[in-house]
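The residues making up each chain are set out below.
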Amino acid sequence: MERNREPGRSVAAALVAARASQTHAPRQPLASTRDHNARTPNNPTQQPTANSRHMTSAIELRHISHAFGGGAVSVLEDVTVTAEPGQFVSLVGPSGCGKSTLLRVLAGLLVPSAGDALVDGQDVRGRPGAVAYMPQKDLLFPWRRALANATVGAEIAGQSKHDARERARALFPRFGLAGFERAWPVQLSGGMRQRLALLRTFLVPRDVLLLDEPFGALDAINRREMHRWLQEVWAADQRTVLFVTHDVEEALVLSDAVYVMTARPGRIQARVDVPFPRPRVPSLVTDPAFVALKAQLLTELDRGMPPA
Amino acid sequence: MTPAPGARARPSPLARAGHYAAEYLPPAALLVALVAGWELWVRAFDTKPYVLPAPSRVWDAFLETRGVLPGHIRTTMAESLLGLFFAALIGVGLAVVIALVPFVRRVLYPLLIVSQTIPMIVLAPLLIVWFGFGMTPKVIVVALVGFFPIVVSTVDGLTNADRELVGLVRSMGARRLAVLRYVMLPSALPGFFAGLKIAAAYAVLGAVIGEYMGGSSGLGLFITRAQTSFRVDRVFVAVVVVALASMALFAAVHIAARLATPWIYVSKSEEGTK
Ligand SMILES: Nc1ncnc2c1ncn2[C@@H]1O[C@H](COP(=O)(O)OP(=O)(O)OP(=O)(O)O)[C@@H](O)[C@H]1O
Ligand SMILES: [Mg+2]
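For the record, the sequence lines run as chains X and L. Numbered per my numbering, the first sequence spans residues 1 to 308. Numbered per my numbering, the second sequence spans residues 1001 to 1274.
Hints in this document: simulated from the structure, not taken from any laboratory. Treat the hints with care, as some may be off.
As the list claims (entries may be wrong) - Simulated pairs of lysine to aspartate or glutamate, DMTMM-like, Cα-Cα distance not exceeding 20 Å:
no., chain 1, residue 1, chain 2, residue 2
1, X, 137, X, 256
2, X, 137, L, 1156
3, X, 294, X, 181
4, X, 294, X, 256
5, X, 294, X, 247
6, X, 137, L, 1162
What the hints assert, rightly or not - So the derived list for chain L, only partly shown, Cβ under 8 Å to chain X, looks like this:
no., residue
7, 1161
8, 1169
9, 1170
10, 1171
11, 1173
12, 1178
13, 1180
14, 1182
15, 1186
16, 1263
17, 1266
Said to hold, decoys possible - From chain L, some residues computed to sit far from chain X (all C-beta separations above 10 Å):
no., residue
18, 1035
19, 1042
20, 1046
21, 1086
22, 1101
23, 1113
24, 1136
25, 1164
26, 1174
27, 1183
28, 1189
29, 1216
30, 1228
Since the structure is predicted, the reported quantities are computational estimates derived from the model, not experimental observations. We put the beta carbon where it would ideally sit given N, CA and C, even for glycine.
If we strip away everything but chain X, and leave its shape as in the complex, we get (with noise of 0.2 Å):
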């Protein structure tokens, strides 16, 4: 990673202009149902609207079951998951219960056998475009060089192309991609592929975030590196976050509250509220509080396993 990188301050920033810039085209389902006021609980000098008291969550899973195969293999069962506005939520279950399945789901790209799926109280099941959405798997396009990768979502939303450019060149220093614009995506490590994957989905301009595994790929080092850098621009534009990890320390770093899944097919075991107050330090991952709500974690995570 570069050592000598910009304050924090001017990156975040730079995402908020990104943000402030976007075109809401007409496809887009959630531009009018909007809630601004609502969506900024940290800032003390906005007056609460008579809105925000019945505000619609951001991320709304309501009882979600879904079956592969005609019904053969069952994949989730009753899953329900809610994120209000600004919120940074995280998904924790063992491998194969469900939560990519899940995130699809909520990215419009799968069709669940049943239960409803709202973002921004609006029904996503089949309806893509609500959310920017990073799958699991990396999905560069080959064709595109890193830069033009990192702002494809950008130019579907119709943003200008050399607006777009600028901006996601200025962010590839903090993702430690300095250098690399012009590479293909062959020439880039998995890291660096699964951080360019993250930088484009920010550049989606979308209020709700869904995150697969964004550091599945990346050393504790580099992990550490971009939790803090995450933090940082949420905290900044306050997007609404669903996050899916097999760290529970990952989790209880970001989150505002986690769901902790069972094995296949997925339930929802329990959901814990994390309340350590933010800007969060690194020591807070020896703070007795923060270990007995790891713990605690890891137990209901022993719960939903199947008996040996």
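Given the structure of chain X, go ahead and fit chain L with the ligands onto it with the hints provided.
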């Protein structure tokens, strides 16, 4: 700081010369041996020139016809290039429709295959009856021969586009045309060029067949004239010219493919140096 890609040192000119020599020397040597054997054969058995002219005699015929050949070559190449252009245009158009509309695929695919079973020697004279002795019928022959491999390989590329990548751009709000633009067409580029290469290899031959059936200029006409005057040596000149022209066209498409799909050659060269 990691060095950025592209800053890699290129191999020295000497090493590159050695690389080319290793690649091109064996086929060149084989060609020389074949021509020498042919020359020896003709001289040893005193074969009549109207049966099989010696390479030296073909060379003499080339020198004789040097003045008129460029005009014929220009005509044939113009027809080939125009035909290829239309083959690519029609081929890609059909491929997109076939890839996007399953009904069209079912209706059209059998018909396309039938179109390829019509012998050109039957069709070409008819085209001349319909379109006259100008360039049109020749361009049509080239396009008819060339569009089929382009359709087949482009459809393959379009339909084999990474489904997860399609899902990703759909999650970004892309509808059908945007999916085509952002994922399917770029995925199909390598296949399109594979088809275009095949089409290019046959294009000159297609134009020559068209000219053979009637025309006022071109290598096909040159061949007809040589045949009616039993100048087999001149026929051989034309054969060599057609072969060289086909190779040139093929090489041009290859270079175009390299320029249009650079990412494919990046991955190949990286593997090659490991
Ligand atoms: N398209 C599909 N067709 C059939 N089965 C599928 C399909 N996609 C996923 N599955 C099955 O659904 C189950 C859940 O898959 P999913 O990818 O959601 O798990 P996950 O929780 O994300 O796992 P991991 O942590 O390993 O990524 C798995 O058993 C998988 O085999
Ligand atoms: Mg997964």
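Among the hints numbered above, which are violated by the structure, and what are their numbers in rising order? Hints 1, 2, 3, 7, 13, 25, 26, 27, 28 not satisfied by this model.
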